[in-house]
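Visitor: Take the given structure of chain A and dock chain B to it, following the hints.
Residue numbers (the numbering used here), protein chains in the order written: chain A, 1 to 319; chain B, 1001 to 1278.
Treat the hints with care, since some could be wrong.
Derived contacts from chain B toward chain A, CB cut-off under 8 Å, selection only [claimed, not checked]: (1) Ile1132; (2) Gly1133; (3) His1134; (4) Glu1163; (5) Ile1232.
For the record, the hints were derived by calculation from the structure and aren't laboratory data. Here the structure is a predicted model, which is why all the values come from computation and not from measurement. Think of the CB as a built atom: it goes at the ideal place given N, C-alpha and C, for glycine as much as any other residue.
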Amino acid sequence: MSFGISRIQLEEGTSTREAFGEALAQAGSNPNVVVLDGDVNNSTFTKNFKDEYPDRFFNVGIAESNLVGVAAGLAGCGKLPVVSSFSVFLLCNAYDQIRMSVAFPNQNVKLVGTHAGISIGEDGPSQMTVEDVALACSFPGFTVIVPADGPSASAATHAMLEREGPTFLRCGRPKVPNVYENGDAFHVGKANTVRDGDDVTIVANGIMVAMALDAAEGLSGESISARVVDMHTVKPIDTSALEKAANETKGVVVAEEHMAYGGLGATVAMTLAERGPTRMAFVNIGDTYATSGKPDELLLQFGLTPDAIMDAARRVLKD
Amino acid sequence: MPKARTEDAAELERITRTLRRDIVIATSAAASGHPSTSLSMVEVVSILFFGGVLRYDPKDPHNRERDRFILSKGHGAPGLYAVLAEAGYFPADDLTTLRRLGSPLEGHPNMCRLPGVEASTGSLGQGLSVGIGHALGASIDELDYRVYVMVGDGESEQGQIWEAAMYAGNHSLDNLTLIIDRNGYQQTDSVKNIQSLDPLDKKLEAFGWAVRDIDGHSLDEVRAAFEWAQSITGSPQAIIANTVKGKGVSLLESDPAKWHGKPVPEEDKDRALEEIGA
Chain A
1 MSFGISRIQL
11 EEGTSTREAF
21 GEALAQAGSN
31 PNVVVLDGDV
41 NNSTFTKNFK
51 DEYPDRFFNV
61 GIAESNLVGV
71 AAGLAGCGKL
81 PVVSSFSVFL
91 LCNAYDQIRM
101 SVAFPNQNVK
111 LVGTHAGISI
121 GEDGPSQMTV
131 EDVALACSFP
141 GFTVIVPADG
151 PSASAATHAM
161 LEREGPTFLR
171 CGRPKVPNVY
181 ENGDAFHVGK
191 ANTVRDGDDV
201 TIVANGIMVA
211 MALDAAEGLS
221 GESISARVVD
231 MHTVKPIDTS
241 ALEKAANETK
251 GVVVAEEHMA
261 YGGLGATVAM
271 TLAERGPTRM
281 AFVNIGDTYA
291 TSGKPDELLL
301 QFGLTPDAIM
311 DAARRVLKD
Chain B
1001 MPKARTEDAA
1011 ELERITRTLR
1021 RDIVIATSAA
1031 ASGHPSTSLS
1041 MVEVVSILFF
1051 GGVLRYDPKD
1061 PHNRERDRFI
1071 LSKGHGAPGL
1081 YAVLAEAGYF
1091 PADDLTTLRR
1101 LGSPLEGHPN
1111 MCRLPGVEAS
1121 TGSLGQGLSV
1131 GIGHALGASI
1141 DELDYRVYVM
1151 VGDGESEQGQ
1161 IWEAAMYAGN
1171 HSLDNLTLII
1181 DRNGYQQTDS
1191 VKNIQSLDPL
1201 DKKLEAFGWA
1211 VRDIDGHSLD
1221 EVRAAFEWAQ
1231 SITGSPQAII
1241 ANTVKGKGVS
1251 LLESDPAKWH
1261 GKPVPEEDKD
1271 RALEEIGA
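This is chain A alone, in the form it adopts within the complex:
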């Protein structure tokens, strides 16, 4: 499978936000599901749910603090609230409400942040989140999921609703190529090895999984056999998949559409450090905010490309 070696093609497949919205509307057959929106439902695709179940849909307005608090109250009544907004507004504006009213009392609230990362493009850095995974992982007891494509975003939506406990699901704006087919297995907390290999392991999530597959294809031309692990669940992380990768390959590259701190790379490094020395390299946005630009231009500019992953793999394998 190849998606174009130098850069990711973002015009194919479906967006993870759209797949989430479709899956959520299906999940509405469960009468306990209620959906809360910060007036972006046509962007987050919770509009699909709204159109089918208007009595269980609440547009709380541009007021994320209240939005999260209301969801916590509905969870207190035994409802299954799904809160959706742009990831940046949900996690950054309502961080304290998530902490006090959802995470600390362990309320069964599902938070879905869309337009995550820098691949939203032209709207620019005020609308992007480069730090949302770190923020979500910082809540004790939270489950944090970053799906790779439409089919896995759909499966993740159903899986998080079936699972008790506060959860953050991260979705993106652009269309992304399909790594999976509809109906492929998805288990929260269990990584998927989407390509086997025994020289190096690329651990990725979100749109970086497709890029990792492209990179693995490119590396095979250099006689490097790369394993690609889709670590869609950052928390709780699949420790055994990581230990297996570290034991069976010579090093680990971690690729994510996130800043360097507190996300997948940091979590993988922390996990593997317990096991013993592992050669590692990291592909991420670094310690910076992005700018406006076209999505593929931004990914190139900020080093999120198959080429960057290949470079990282070569670094890891260098004697």
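Guide: Showing chain B alone in chain A's frame:
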């Protein structure tokens, strides 16, 4: 679901004295905590739990038809615990475990550890939003329970209070009653000096609330206010309870800014209990 309704004024007075005594003893035993903000809310919670306002059953604290009381000003925890103990949620002897390691009576309310606590609070400004969630839950499930949320006047400086007030007013949530325990003081000074809320009644009215201003230490006025709130349809109701921070203990009343977050010192405790008369 039952309501505890005491018509006997003397019995209600006794309850208020008991709560005040429990607040002072528990915070002094803990050598920390916020007795003064707890003392200002005593008459309101006494009427809520014993004046025939709340439907509740301590033996069935999660019954879906129960009325809800959410203490948004979480540092008033000793006042909440005192009334929950009096109502039978746990033995009154446990009150002196306040803030101790292992006790469910944490410094601020923790709903996961203590039945009767409807929301974990302590980061100010959040309880009204949670109350709105419960009020909406009643509509979805076609239940007729009511939701009561108490906030502080200092707490009302938080923006989230006004986000929530706007939402409740716009959506005519008439099963929701807000009590503002207006004791006039926050941690370091009076609310008036720091961030005046005036005109609080007009602000709330402008946000779509029915508003009543009362003496929050008059049991008759508090009871009448809740009866009024229950009679209102088509809008949420706000009861501005004008109170005194530290009410009943002259030492705490004398300098509210000095005594925020401080228990009555051991050497002053006997005099405080004597003033309370319990």
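Visitor: Against each hint, give a clear statement of whether it holds in the structure.
Guide: Structure-based check of each hint:
1. The beta carbon of B/Ile1132 is positioned within 8 Å of a beta carbon in chain A (closest approach about 5 Å), and the interface hint is therefore held.
2. Satisfaction of the interface hint for B/Gly1133 is found here, the shortest Cβ-Cβ separation to chain A being roughly 2 Å, below the 8 Å cut-off.
3. With its C-beta approaching chain A no nearer than about 5 Å, B/His1134 sits inside the 8 Å limit, and its interface hint holds.
4. This hint holds: B/Glu1163 has a C-beta 4 Å from the nearest C-beta of chain A, less than the 8 Å allowed.
5. A hinted interface residue such as B/Ile1232 counts as satisfied when its beta carbon comes closer than 8 Å to some beta carbon of chain A; here the least separation is about 21 Å, so the hint is violated.
Against the hints set out earlier in the document, a violation occurs for number 5 only.
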